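Listed in order, the protein sequences are those of chains E and X.
Taken in order, the first sequence gives residues 1 to 120; the numbers are from the numbering used here.
Taken in order, the second sequence gives residues 1 to 552; the numbers are from the numbering used here.
Derived from the structure by calculation, the hints contain no laboratory data.
Just so it is clear, the structure is predicted and the values come from calculations on it, not from any experiment.
It is possible that part of the hints are untrue.
What the hints assert, rightly or not - List of simulated lysine-lysine pairs, BS3-like, C-alpha gap at most 27 Å:
| no. | chain 1 | residue 1 | chain 2 | residue 2 |
| --- | --- | --- | --- | --- |
| 1 | E | 32 | E | 118 |
| 2 | E | 32 | E | 62 |
| 3 | X | 487 | X | 472 |
| 4 | E | 43 | E | 64 |
| 5 | X | 144 | E | 62 |
| 6 | X | 252 | X | 423 |
| 7 | E | 30 | E | 118 |
| 8 | X | 144 | E | 32 |
| 9 | X | 471 | E | 62 |
Unchecked claim - From the structure, some residues in chain X lie toward chain E, with a derived Cβ separation under 8 Å:
| no. | residue |
| --- | --- |
| 10 | 13 |
| 11 | 14 |
| 12 | 33 |
| 13 | 42 |
| 14 | 106 |
| 15 | 109 |
| 16 | 385 |
| 17 | 386 |
| 18 | 397 |
Note that beta-carbon positions come from the ideal geometry of N, C-alpha and C, so glycine has one too.
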Amino acid sequence: MSVRHATLPLVLACLAAASAHAQPSAERGKAKFEHTCAPCHGKGGGNDGHAQLPGTEALAIKYKGTIPAALEDRSDLTADTIRAFVRNGSFSMPPFRPTELTNAEIADIAAYLAVSSKRR
Amino acid sequence: MAVLPPGVSAENFAAAIKEFQAAVGNDWVFTSDEDLVPYRDHFSYIKGEANELVPSAAVGPDSTEQVQAVVRVANKYRIPLYAISTGKNFAYGGPSPNVRGSVTVDLKRMNRILEVDARRHFALVEPGVSYIDLYRYIQERGLKVWIDTPDPGWGSPIGNALDHGIGYTQGFYRDHFGAHCGMEVVLPSGEVMRTGMGALPGSKCWSEYRHGYGPDPAGLFGQGNFGIVTKMGFRLMPQPEHWRNGLITVPKRQDLIPLIDTVNYLTDLSMAGEPWYGSPLMALARDKDFLAAASAFNEAEMDRMAAAAKLHSWQVELQFHGSEKTTLANWEYAKELILRAVPGARCVDGESLPVPLTREQIEHTTGPYPTNMRRNVTQGVPGLGVWYMVGRSEQAPNTWNETHIGLFSLVARSGEAVMQAQKDFADIANRLKVPNLFPNALSTPVNWYQFTFIMGNGFGMSMGANTPEGKKRAVQQLREVLAENAKRGYGDYRAPPMLQDDVADQYSFNNHVLRRFNEAIKDAIDPNGILSPGRGGIWPAAHRSLRGALRS
């Protein structure tokens, strides 16, 4: 088998992978949410007697129950909205860099939240 | 908000950007306003001002070789670089550089955990790895080692260690730079150097013997600007089988002296982990008469009021790692020692828990006594739970602490020194009319490092002046506090870029010979002054005129 033939399947596989990643994935989004967002915006308890993690607590204080405090319960967060908060920060949440969360990963997270919010 | 590196023309900068793109790929060079927002300090005291420490661009290399290529481009065009790991050094400048217009070298993509050895107890990681990443890696594989995490845990073990960060488990491991073992560094020339046994090709103990042979330059890379660290080894604590805690209180103010002596003895024998000091008299902090006595350092009156309220003056919470039997033996010994030194002391058994603790045991706060000890960090479990301190609160729902900053002075590890520091810091705060959380006898020492105390002074973690004018005034006051501290022999251990010249000024022995020594090395190995000029107060000749420029 020539080198050219040997590399062709690899090239096709890479193209397929790139194409797949162009479509937001809730599964990938869940993993990324749990890694990057949940330590602050998850549903667990906080420190020093705080019943909620800081991001969830802050949104509970802000919305006073009119909107769910936990992001996984929100059905209104589009990729553009999430990206605006991620890149600019909000209050005590600092902005996150493209090396931490790419735009494609933000789209994955939006896809995950669209699914997770239906499980409330 | 287009900003150019100092002394670099627009044409040369554009050419450099193309070469950076060739080095790391077009997708990982950032120049747009949107992309550069996260490279600014979210807590900057000079946000939006003409002198805000913003970068001109950011590049995200994925390998040591790419870092080398970036450094070579910077040398070619004389562009100052500023390297960040995870960029989470908040309260100390976050990702922002010391020089406006620097190009930030964002190492987050270098996020490989290269090795964790649970038999020889070490990890070898890249700078983009976070404490949370490393913890999860260890847990997923069931490895029996602990990390020692700062609070919060989104930072990088390398970045944290290089800024002399700390943690909360056992003595040796809490000093994150002290617990490192070997590093790989891209030098200002673009060459790669390894320290310790890494300098010996084929050595199997890079993460076990940090000294190698001859002078170990590793210390130059902590709070320095002599290279970009691309790999670093860390000693890890073996996972203990059991964890136990206990509370000791002593009745009188002067009992702090034997209390600290006793705890020093225990911790330096490695019989106890990080001790958490406090004062039960905080319960009286809102009592006007008590506060007057505490502010006047009227010890007799404070003791009288403490006795009347049936409160002790000081407390320390101890933690023990080992087996059920050894932790019990160490706790029993601690009780025996303190009762020998202070017969009126009280000792309260805490909890006795097999490791690993359950999620509920880590989160719960309902032990046999009120505790200040954060379970997650004492167990080496990184998280962001502590971030509530800078966010909204029920009391202030529409604001946040924009002036989150951490200034802490080093204080000798004795009761006498702590009580003198309380008076000094109160006096400084009162004379300079600056806010201080405890300008009185209630401030307590923190034993983050094993062998010394640090104490908040001046502002602690919050200034609260969220207006531009308030922030400007606060910066000036911070500088005055730092200068006044130095006159009394107190140096700070860490600072944001905005104040690094001021802290470096504190360390002035023999006409600043330490700084002159560092800058002689800097000029020799970084003749173009491209690596993080100004970091740690070390300015290369090419940018030395910028020393103190932020003061104006």
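So which of those numbered hints doesn't the model satisfy?
5, 10, 11 and 12
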